[in-house]
Each structure stands twice: as C-alpha cells, then as structure tokens.
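K.L.:
Listed below are the residues making up each chain.
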Amino acid sequence: MADRLLLLLLLLTAGCEIDPRAVLLHPDVETRVRQSLDCILLPETFPDTLRFAVFSDLHIGKPAGSHWQTFVRCLDSLDINFFCAAGDLTDRGTVAEYDSVLALFQHTHRHYYVTLGNHDLYRPNSWNYYQTRFGPSCYAIRPSLHLKLIFLDTGEGRLGATQFRWLETELSSPEKYKIIITHFPVYDDQTPSIFRLGSVAERAKLLSLLRKYRVYAWCAGHRHGLRHQQIDGTNHFLTGAISRTLDFGAPGFLLFEVQPDTVTWRFVPLTD
Amino acid sequence: MVVILICLPAPGLNADLALGYQGETGVEAKGLVSAGLTTGLFNLLTLDCTAGFSFIEHPGPAGFALTGGLKLPGFLSPSLDAGFQHQRWTGWNASENRLFGLMQVEPRSRLELGLGICRRLPEPGMNEWNILYRFGWRMMETPKFSLTVRLTNLDRLELRNPQQFPVGLDGTWRLAPGWLLYGRTRLAFNSFSTGLIYPSALRAEIGVKYGR
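Which chain is which? The protein sequence lines are A and D, in order. My numbering puts the first sequence at residues 1 to 272. My numbering puts the second sequence at residues 273 to 484.
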C-alpha cells in the first residue's frame, strides 16, 4: 500500500521541484513551530533610527538566477541595517542550496532574519537543513522600542494551533508598530488564484486578529512581484521578489525606515 | 425552523434539518445546526434555501444560502446553479458574502462534473474571484440506500478555496415514505500551491429530510 502511494505521488509530482517523499515525511508546522519556540534568540541592539529591507523568493538554485548582487549593493548605498527574507530562500530545499544561501547572507556582514517558504521544505530533510543554518522559523524580535517584527512559519500555507496561540500572545504586546513577515499572503489580488492562505476560516480569524491588535503590515511573498493593499488599517504587501522569475511587476524589495516615533515604507526596484 | 414546521405539510416542498460538526486545527471547532427548504417546478427548476446556527464556537447565526437551479433534459443532462451565500463568524466579527454560478453535466449515469466561478465579498477582507469545482460519483444506489463520493469546494452553506480539495461521502437512507436520513462528511486536503499535502478542515453532519 505504501509503495503504491509513493508511486502515485511520484507520478503526480513528476517534473516538479518537490521530492515526493517530502510530501509525507517532512515535519508539519506544529512540530516546526514547537521546535522554533524552544530556541532562545539573543537580542540585537540597533540605533533609534534604522532601515531594514524585506524581500522574499530568492530561489537560490533556480537556473534563471536572482538579483542578489544588485540587492547587496543597495544594502550599502541605502545604509540598510538589517534585512528580512520571507521564505523560498531555496528552490528545492537541498543542502547545497541552503549552504549557498547562508554563504550569501553571511557575506553581507549584516544582521538578517528569515523564515521559510514552501520551496524550503521540498526535501525530506529540508527542515533540518534550514534549522541548523538559520534557527527558528517562528519568532519575534524588537529592533526598536515601538517596533516588533513577528516571523511566522507558513511554509505549508497554514499557521496551525500552536502558532496561532503564540501569534495572539505576541500581538497583545504594547509596541505601536507590529509587522508580520511570512511567506503566504492572506490576500494578493482579485483574480482566481491558489497562491493565498488556503483556508477561508483561517483568513477570517487572522484578519480579525490583525484588526484587533492594529497590525501595521503583513509582508509576504509566494507570488513574485510587488502588490500593496490596505485592509482594515493593515498594509498587506507582496514584498517583491529577488528572483529573476517574476509573476508580475518589477523585481525589488520593501524598505522600511524607522524613526523614533514613526515607521515608513517604500518599494525599491532592482535593476542590473 | 419554525418556517420549516409550517411548510412541512405543503406538497412539493422538501424540508430538512441537520446537526453537524465543523473543525479546523488551530482555527475553529464548532457545532452546526442547519435547516433547509427545497422546492421544484416541472423537474426543471429548483430553489433551495438553508440557514445555519453554530454553537460551541461563534454561537449564533452561522449563515444562510439561497440557490436556484435549472436542469435541462437531453445530452449530458446539463444544469446551472446560481446562488448567494452568507457565512459569518460571530466570535471574530467577520463575515463573507458570496455570489456564485456552477455549470454541471452528467457525462455518464451516476457521474456528475461541474465547474463554476464565485465572487467572494469578505468583511473585513478584499473581494476576489474563486474557481468552483464539483465531482460526484454515486457508487451505490438502491431504492433504500445511496452512497456518493464527492470532491467539491461548494456546499450548501460553505464555499472553500480551490486549493482545499474537500473530499467526502454523501449517504442517504430511506426511513419511511417521505422520510430520508442523510449524512455528509468532508475532509479538506490543503494544498496545491505549496506542493505539501495535509488534511485541514473536517465537516460531518447527519440529518433528516421530509418531503411529499
């Protein structure tokens, strides 16, 4: 029976980037979140005025390549303190791709914060590769007194029970600006699409939390391009992709500028 | 429910009442009571209205729906359903209105295939289009009993996202002339765009239907 199931999965996933064994064997979001919440993060110190970049969908390993070198030049020219990657760091979740991403990130000599995307789980051991290089996939940091960045693991297109509870706890803290960085968008566009969080009820629950706790922004990726919508006071971003394979728009990233009392954002296009 | 009791004696009307459970890990777990009325005209037109009330979580009205159907005789037995759904989650102050149309054919006896489109109007949220699909195969059918396997993201009170793939069984059992016991189960398997598959939402209900 198991052989037949694996054969069926092989046929269904033929030609895709995913290893069919990962469909059955990868640890689910509950396991990943519990392991992530056990991690202890050392707080970093940043100046009162700072800039950080948010991007997604680097897809290292994809033959088409990426705009990474252009992004690195922007880190210097725009004086960016740290950057955040909203998943799909790799294209197939292999150990070689993870090593490449780690080397690229370390070479910037900047702080970086990441979470994972669906492509980062495309091998049975992908979670281990991610965890040993980047640590947790679900955590929060406070770069300044009134700003909290919350990283969520939506690698499978859902949050799960533990992460939902943890999210509500994190959102209930008093920071004026709370920004969520994750892979899946709640909404992206009005056209028929499957590239959103899957569950209707889960989306309704999330939006009610975003409204209740006045979340400033939900930054996501999954689709490659920039989109911005405001729903009930929360900015919903598709942050723009670093990958050269775009679904729409231009490659680029979001730049947040943090002042002692305000947070502002703008899109920075990447052109070679 | 009062309306249903009043309408029960009316010929040409079918009334139903069901008790169910709807759950999704980390999201919600609620009981659901639903009641509906269905009527038809010349075996061509049908009109179905349903209302649901939830308990345990989101106590109160869970939604209502009104669906009209036109069924044409002849090649492939095509039919067109169009309707409106309103679903609400009182605990989250959230709701969603939906307008939909679904075209369905029966290429073989006991097999139904449907495709349609829906406009979602969530509050809060952003309006969007969604694809609808329906596959049904009546595996077993006797004068007393029927069992149908279904893959559809459109149900009477609910419309799931296209990547949720709700699979389940619909069964009926004739209790007495005019009385039918029915049951439905749906287990939604997310998801398509992630390449990773997992069961998410579960729905099960059992009910009785009366019609003359």
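A portion of the hints provided could be inaccurate.
Unchecked claim - Taking CB as the label site, the calculated pair distances span:
#, chain 1, residue 1, chain 2, residue 2, range
1, A, Pro269, D, Leu338, 44 to 50 Å
2, A, Asp99, D, Ile389, 42 to 48 Å
3, D, Trp451, A, Pro174, 23 to 29 Å
4, D, Leu383, A, Thr132, 29 to 35 Å
5, D, Val421, A, Asp28, 23 to 29 Å
6, A, Pro43, D, Arg391, 45 to 51 Å
7, D, Trp451, A, Asp232, 52 to 58 Å
8, A, Ser100, D, Leu383, 48 to 54 Å
9, D, Ile328, A, His228, 56 to 62 Å
10, D, Ile328, A, Pro192, 40 to 46 Å
11, D, Arg446, A, His228, 40 to 46 Å
12, A, Arg266, D, Met411, 56 to 62 Å
13, D, Thr414, A, Phe248, 29 to 35 Å
14, A, Asp76, D, Ile469, 39 to 45 Å
If you're looking for bench data, these hints aren't it; they were derived computationally from the structure. We put the CB at the ideal spot given by N, CA and C, even for glycine.
K.L.:
Could you see if the CB distance from Trp451 (chain D) to Asp232 (chain A) stays within 52 to 58 Å?
P.N.:
violated (47 Å)
K.L.:
That 56 to 62 Å hint for Ile328 (chain D) and His228 (chain A) (C-beta), does it hold up?
P.N.:
With Cβ atoms ~38 Å apart, the hint is violated.
K.L.:
Check the following: the C-beta atoms of Arg266 (chain A) and Met411 (chain D) are separated by a distance inside 56 to 62 Å.
P.N.:
holds (58 Å)
K.L.:
Given a hint of 39 to 45 Å, does the C-beta separation of Asp76 (chain A) and Ile469 (chain D) actually sit inside it?
P.N.:
holds (43 Å)
K.L.:
Given a hint of 44 to 50 Å, does the C-beta separation of Pro269 (chain A) and Leu338 (chain D) actually sit inside it?
P.N.:
holds (47 Å)
K.L.:
Taking 29 to 35 Å as the stated bounds, is the beta-carbon spacing between Leu383 (chain D) and Thr132 (chain A) within them?
P.N.:
violated (50 Å)
K.L.:
Given a hinted range of 40 to 46 Å, is it respected by the beta-carbon distance of Arg446 (chain D) and His228 (chain A)?
P.N.:
Cβ of Arg446 (chain D) to Cβ of His228 (chain A): about 56 Å, so the range 40 to 46 Å is violated.
K.L.:
In this structure, is the beta-carbon distance linking Thr414 (chain D) and Phe248 (chain A) contained in 29 to 35 Å?
P.N.:
Distance hint for Thr414 (chain D), Phe248 (chain A) is violated at roughly 53 Å.
K.L.:
For Ser100 (chain A) and Leu383 (chain D), compare the CB-CB distance with the range 48 to 54 Å and indicate the outcome.
P.N.:
Since Ser100 (chain A) and Leu383 (chain D) have Cβ atoms about 49 Å apart, the given range 48 to 54 Å holds.
K.L.:
Using the beta carbons of Ile328 (chain D) and Pro192 (chain A), state whether their distance is inside 40 to 46 Å or not.
P.N.:
violated (33 Å)
K.L.:
Does the hinted range 23 to 29 Å hold for Val421 (chain D) and Asp28 (chain A) at CB?
P.N.:
Holds: the Cβ-Cβ distance is about 26 Å, inside 23 to 29 Å.
K.L.:
Given a hint of 23 to 29 Å, does the C-beta separation of Trp451 (chain D) and Pro174 (chain A) actually sit inside it?
P.N.:
violated (59 Å)
Hints 3, 4, 7, 9, 10, 11 and 13 from the earlier list are contradicted by this structure; the remaining hints agree with it.
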